[in-house]
Amino acid sequence: MESSQSVAAPAATADQASALQRLVSAPALLVYAAVLLAAGAILGFWYAPTDASTMGFSQKIFYFHVPVAETALLAYGVAFVAGILYLRSRDAKYDRLGVAAIRLGLLFSLLVMATGMVWGKAAWGAWWAWEPRLTTFLIACLLYAAYFVLRSSVDEEERRATYSALFAIIAFIDVPVTFVATRLMPAGLHPVVFTGQGAQMDHRDLIAFMVAMVGMTLFFVGLLRTELAAARLREELDHLKNRLGS
Amino acid sequence: MAEVDVAHAEIEVEGLNKTFGRRDVLRDVSFGVERGGFLSIMGPNGAGKTTTLRVLATLLTPTSGGVRIAGLDPLDDPMPVRRVIGLISHSPLLYLDLTAYENLRFYADMYGVPERERRIGELLERVELSHRRYDQVRTFSKGMLQRLAIARALLHRPRVLLLDEPYSGLDPHAVDILDGLLAEIRAEHTFVMVSHSIPKTLQLSTQVVIMDAGRIVYRQAGRVDEGDFVAVYREHVNEGVAL
Amino acid sequence: MAAGAVGVGVVELPPARTSAGRQLYTIVKKDVISELRTKEMLLSMFLFAVLAMVVFHFAFTVRADTDLTYFTGGMLWVTFIFGALLGLNRSFVHEKDEGCLDGLLLCPVDRVTIFLAKMTGNLIFLLVIQALAVPIFTLFFVKTSYAADLPAFLAVLLLADVGVCAVGTLLATIAMNTKARDLLLPIVFLPLIIPVLIAATSATTGIFAQTASLGSLGAKLGFLAAYDVIFVLAAYGTYDFAIGE
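Chains as they are written, first to last, in my numbering: chain A, 1 to 246; chain B, 247 to 489; chain C, 490 to 734.
For reference, chain A alone in the conformation it holds in the complex (with noise of 0.2 Å):
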């Protein structure tokens, strides 16, 4: 069916991809995102002022923190979109979405515990402190990795889809509520940068912020397409290896 005709179809592909298409293909948009954070990083450490605060220095590493956490964020809201409509067209096209997005997910927000702890030291002299954000990262790290034990204790691939299709819906909606009972218990130590009257920032702080913000973000389309493209070659290997041994 669907895989048959792309295994006869590479060569004739690559021959086709139009410029616009190399334009915005996996490997482009990596190139397009190292760039962009590598201008973040120069602004955030030349350009933006050095934080006025006690933590100086060391509030640097907002620009590389939010990001991730928003683009950590973001991953689990792709696999939630993903679910939904896997669940509503059975296309396993969207459970290889769902799986690449959770992985990278779970990737992003050990970053944000790791840059987290590196900031709370520097700020706070703790290496960690229960306040909301870093504990909705820890539960979401826990959540989606049960998504993993989850897959792996199904062994029928529909079935399989549809249980992480199912959890991965009901994890993203689970993420703000966490976050907002961790606000219930006692106030924690996190500076809040947004607040309702705007950005509390500097003009220059911001404009760093923004370039490693869609850096950050074009790092995780083009990381996304890649496993994506990956796991459909993986998937056409499995299958010529059982056509070939049947």
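In case anyone wonders, no lab produced these hints; they're calculated from the structure.
Since we're looking at a predicted model, the values are computed, not measured.
No residue lacks a Cβ here, since even glycine has one placed at the ideal position from N, Cα and C.
Keep in mind that the hints are not guaranteed to be accurate.
In silico DSSO-like cross-links for lysine-lysine, where the CA-CA straight-line distance does not exceed 27 Å [to be verified]:
1) Lys-585(C) with Lys-528(C)
2) Lys-93(A) with Lys-668(C)
3) Lys-388(B) with Lys-585(C)
For the chain A half of the interface with chain C, some residues (derived, Cβ under 7 Å), not all of them [as the list claims (entries may be wrong)]:
4) Leu-142
5) Val-149
6) Leu-150
7) Tyr-163
8) Ile-173
9) Ala-181
Chain C regions said to be covered by chain A (calculated; three or more residues, Cβ under 8 Å) [to be verified]:
10) 704-712
11) 720-732
Using the hints, position chains B and C against chain A.
Frame of chain A, contents of chains B and C only:
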């Protein structure tokens, strides 16, 4: 009470396909059973017989293909279809900690069987289990379990009966009761049976299909001589096994 | 009663006198009767609860004068959430072990009705255990009477229980069809139930320690209620996929 148009055939299956991951369990299965007919599906293990039955029972949705039962489309809305079908499986589908009466009462309430008590009493009589009605099903023999399972399947007066190896493991008394019951309700009911027993199949069926590796490899309508059929069966099932 | 006119084009479905509510009640009744006959689940959950309390006492009483009042909410809810897991694992035990899930799925019943029935059953069992365990807990750990706050406490209990049973029943339905089964349920359940744990714990500690203000308690009750609504709706929307094939 709902009213439905009657199709030509009571059961129609068209181009049924089912894939589990990489395995094609059903490939382009098509057949029809006229009202009052008795179709038997035979074949080796793994041929897709039970899978086909489960699709008819609304327990499984096919990957593609169409099904119509009593003019209703189970893929569109399985609920009305569930009210007209009954399943007798080799597993009795009974709750062991409940009594025979409680089991039947449970299903009667789930199906909304009118005049529940009378119907339960009537069926318990028919399967000769009235004397055990207040005993926990855990204490029943296999034959008794299957007899109670028959009562369960008939509670809501289904027009279509699906039988998955109903005779397997039954003692002769239970076989007689099942035979008797099937003979009694033969008229006005349509049957699809999965079976491994050639004599039983030939005794009961108006139609036989043989499945192998997900496909129908042989069809026969009307009466068949046992000797001929055994030869046909061997021939077609061996054909299905490649290399 | 079954056969109508044949061939001319009109036939009748068998008459049925049932409703989703009636079916829900039928399933719950069956599960309660089954459980009362064996009493396995109720007994295990109750013994677990008492054992957990004993363990907590020894785990946390480091000195003779240790006051565990501020730990009470946490101890109570850890006990109940892990105890609930024992029960949730067995949501479908009769259907699964005795091979009668097909029997239930063959019935003309909405899958959501099955969900609500199983959830209600789990809720009933949990409440029964709590009715026995809370007095014992109070005896062991709570120094001052909270009789005046009893309505608030019961509200917390009920709202948290609904959340636990909604999410737990949905996940138990998935877990029963997997290889790991009993092992999987805690892993997927616990991260999801943390918000309930947070709110219920702080509300309960506030009540037992007499430090709760009406405002903060109200906020936590509101949170629990919102959690319940969100996740019952989520289960409602996805249950067909969880239980079907």
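For which of the previously enumerated hints does the structure constitute a violation, in increasing order of number?
none
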